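Visitor: Generate coordinates for the entire structure from the input sequences, incorporating the hints supplied.
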Amino acid sequence: MEQRTEDVSRKTKILQALENQHTSVTFDDALENDMVLNMGPQHPATHGVLRLLIRLDGETVIGCVPEVGYLHRGYEKLAESSTYHEFIPHTDRLDYLSPLNNNTAYALAVEKLLGIEAPPRAQYLRVMISELARISSHLMFLGSLAMDVGALTVWMWAFREREKQYDIFENIAGARFTTSYTRIGGLAQDVDADTLAMVKKFVDELPGHLVECEKLLNTNRIFLERTDGIGVITPEQAVDLGLTGPGLRACGIGHDLRKANPYLVYKDLEFDVPVYTGGDALARYYVRMAEMRQSINIIQQVLQRMPVGDVHALKPKKVLPRKERIYTRMEELIHDFMIVNFGVEPPVGEIYSAVEAPKGELGFYIYSNGEGYPWRLKIRSPSFVNLQSLPVMMKGCMISDVVAIIGSLDPVMGEADK
Amino acid sequence: MNAAIVEALKARFGAQDFETSEFRGELTVVVPKEKIVEVCTFLKEDAALKFDLLADLSGLDMYTPVRRFAVVYNLYSLTNKHRIRLKVFTEEEDLKIPSVTGLWGTANWHERETYDMFGIVFEGHPDLRRVYLPEEFEHHPLRKDFPLMGIPGSLHLPKK
Numbered sequence: 001m002e003q004r005t006e007d008v009s010r011k012t013k014i015l016q017a018l019e020n021q022h023t024s025v026t027f028d029d030a031l032e033n034d035m036v037l038n039m040g041p042q043h044p045a046t047h048g049v050l051r052l053l054i055r056l057d058g059e060t061v062i063g064c065v066p067e068v069g070y071l072h073r074g075y076e077k078l079a080e081s082s083t084y085h086e087f088i089p090h091t092d093r094l095d096y097l098s099p100l101n102n103n104t105a106y107a108l109a110v111e112k113l114l115g116i117e118a119p120p121r122a123q124y125l126r127v128m129i130s131e132l133a134r135i136s137s138h139l140m141f142l143g144s145l146a147m148d149v150g151a152l153t154v155w156m157w158a159f160r161e162r163e164k165q166y167d168i169f170e171n172i173a174g175a176r177f178t179t180s181y182t183r184i185g186g187l188a189q190d191v192d193a194d195t196l197a198m199v200k201k202f203v204d205e206l207p208g209h210l211v212e213c214e215k216l217l218n219t220n221r222i223f224l225e226r227t228d229g230i231g232v233i234t235p236e237q238a239v240d241l242g243l244t245g246p247g248l249r250a251c252g253i254g255h256d257l258r259k260a261n262p263y264l265v266y267k268d269l270e271f272d273v274p275v276y277t278g279g280d281a282l283a284r285y286y287v288r289m290a291e292m293r294q295s296i297n298i299i300q301q302v303l304q305r306m307p308v309g310d311v312h313a314l315k316p317k318k319v320l321p322r323k324e325r326i327y328t329r330m331e332e333l334i335h336d337f338m339i340v341n342f343g344v345e346p347p348v349g350e351i352y353s354a355v356e357a358p359k360g361e362l363g364f365y366i367y368s369n370g371e372g373y374p375w376r377l378k379i380r381s382p383s384f385v386n387l388q389s390l391p392v393m394m395k396g397c398m399i400s401d402v403v404a405i406i407g408s409l410d411p412v413m414g415e416a417d418k
Numbered sequence: 001m002n003a004a005i006v007e008a009l010k011a012r013f014g015a016q017d018f019e020t021s022e023f024r025g026e027l028t029v030v031v032p033k034e035k036i037v038e039v040c041t042f043l044k045e046d047a048a049l050k051f052d053l054l055a056d057l058s059g060l061d062m063y064t065p066v067r068r069f070a071v072v073y074n075l076y077s078l079t080n081k082h083r084i085r086l087k088v089f090t091e092e093e094d095l096k097i098p099s100v101t102g103l104w105g106t107a108n109w110h111e112r113e114t115y116d117m118f119g120i121v122f123e124g125h126p127d128l129r130r131v132y133l134p135e136e137f138e139h140h141p142l143r144k145d146f147p148l149m150g151i152p153g154s155l156h157l158p159k160k
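For the record, the sequence lines run as chains H and W.
Position one of the first sequence corresponds to residue 1 (my numbering), numbered consecutively onward.
Position one of the second sequence corresponds to residue 1 (my numbering), numbered consecutively onward.
Simulated from the structure, these hints should not be mistaken for lab results.
For clarity, every value in this text was computed on a predicted model and none was experimentally measured.
Any given hint might turn out to be false.
Unchecked claim - Below are the DSSO-like pairs computed for lysine-lysine, each with C-alpha atoms no more than 27 angstroms apart in a straight line:
1) W:LYS81 to W:LYS96
2) W:LYS81 to W:LYS35
3) W:LYS33 to H:LYS267
4) H:LYS77 to W:LYS33
5) H:LYS215 to H:LYS200
6) W:LYS96 to W:LYS144
7) H:LYS164 to H:LYS200
8) W:LYS44 to H:LYS259
9) W:LYS44 to W:LYS144
10) W:LYS50 to H:LYS259
11) W:LYS144 to H:LYS77
12) H:LYS267 to H:LYS200
13) H:LYS267 to W:LYS50
14) W:LYS87 to W:LYS35
15) H:LYS77 to W:LYS10
16) W:LYS81 to H:LYS259
17) W:LYS81 to W:LYS144
18) W:LYS35 to W:LYS10
19) H:LYS201 to H:LYS164
20) W:LYS10 to W:LYS44
21) W:LYS96 to W:LYS10
22) W:LYS44 to W:LYS81
23) H:LYS267 to H:LYS323
24) W:LYS44 to W:LYS33
25) H:LYS259 to H:LYS77
26) W:LYS81 to H:LYS77
27) W:LYS81 to W:LYS50
Guide: Dropping the structure here:
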């Protein structure tokens, strides 16, 4: 009996949160009542295990409470008992649509803590893989938003392009999906010329395929009516709610960490930050399409300017040595033993390092007490923060627009739930 | 920029309250917890500083007898493109910290997460529920005295 009351109180708490949003319920006339609709966590249009409690007046949404945590795996707790290197594979599972970007963000954070820097070739390669991952994530967005509003062809075409990218990722990292490609102070291995040729072919052909997709969407009346003016958020609300990434740039604020606080070699590369002012789902779509073109532009510059050289920083006590040297040399064997067993042991201190991930600001806050394990590692995941703006975007829209708004926000629950 | 921020804070609040430190070019300011809302308001609304974006808010368990828990605020200024970190310490016996949800809407979920993971209570928060773990869960897993393997039986299975 006692367990039952626990159940009831849990339900009431969630419902209470919804009811506190200035709504009223009348019980005299059934037709005047609001309806509470539970959407997810198992729903094809919520892009993962996102749960929404939506309060409806007829077909109009008058309140919405997102619930997260169905994919919570406790990565921040796991990080505290794994060495800095051991945590790299976990970063793949955050935003699993762009694992290469997460690998880069994490490596940059630890390198900042250690005070080391990757060599130039590794930096250029990191820019290349970050932009490839951005294209991969935005193609997924393009396909899924189109499918959410009823255009299945674009989904197929976007996935055809992503398939080519997965072949490239397989050549670069040895894995298609969970890449774990960066290392602290460098990369797992260099990229060979054949793979770079594949990247070149891919980025040369992609603009044509993007135009094909745009031909299906940009003048498509159904697509425009499903997205134009839907899910509007004002710049003030966006900054207040911490919205970053394409969502922020779609409401007129041209904030991009690649320009604002350049990391890697972004300050040497020429690219624009696309900004639209609509603040609606259509503007978010336009921003991402324009960003893919900028990413192509960046990758082409990187391919032209890529220097030759090593991809590991020359810091033997901080950077894992190469396998063949571990087997043949004493010093490297010792360093490998120390790094694998005791970790890289950064100095006591705390840092916050953020990069512009496809979905927004991906930050790592690391507190080190001088051991090989982080004392505290906090992941600032853009999807988690961006999801907070869902209630604002949804207020007053129709129930059928809910899927279009979630699609235009492009959350990934692996990242939101950590 | 960092020196200017420290100067501005000292000019406004007096020098005795703040411990500042710098590591890898990042400024950390330790703020007494009764002043956190006041300091945040100043940093957000000062015309020269303008820290308008709360990038991140997280908890920290130092596992020490005094000053065990801390809340870390990572602020970002969209105009100056600069970061600053504020830190508020609190004792294990008195886990209450004023909420900054009135200043930044984004603090809502961040504070819920910190409450979920560390049990720090934010006073004035409009909807302080757990964000990741189920409501009936009794522990706060990111505390250092919570075992990595979990506590058997602490996570209730769904009832039939």
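Visitor: Broken hints, numbered, in rising order?
Guide: As far as the earlier hints go, 1, 3, 9, 15, 17, 23, 25, 26 are violated by this structure, in ascending order.
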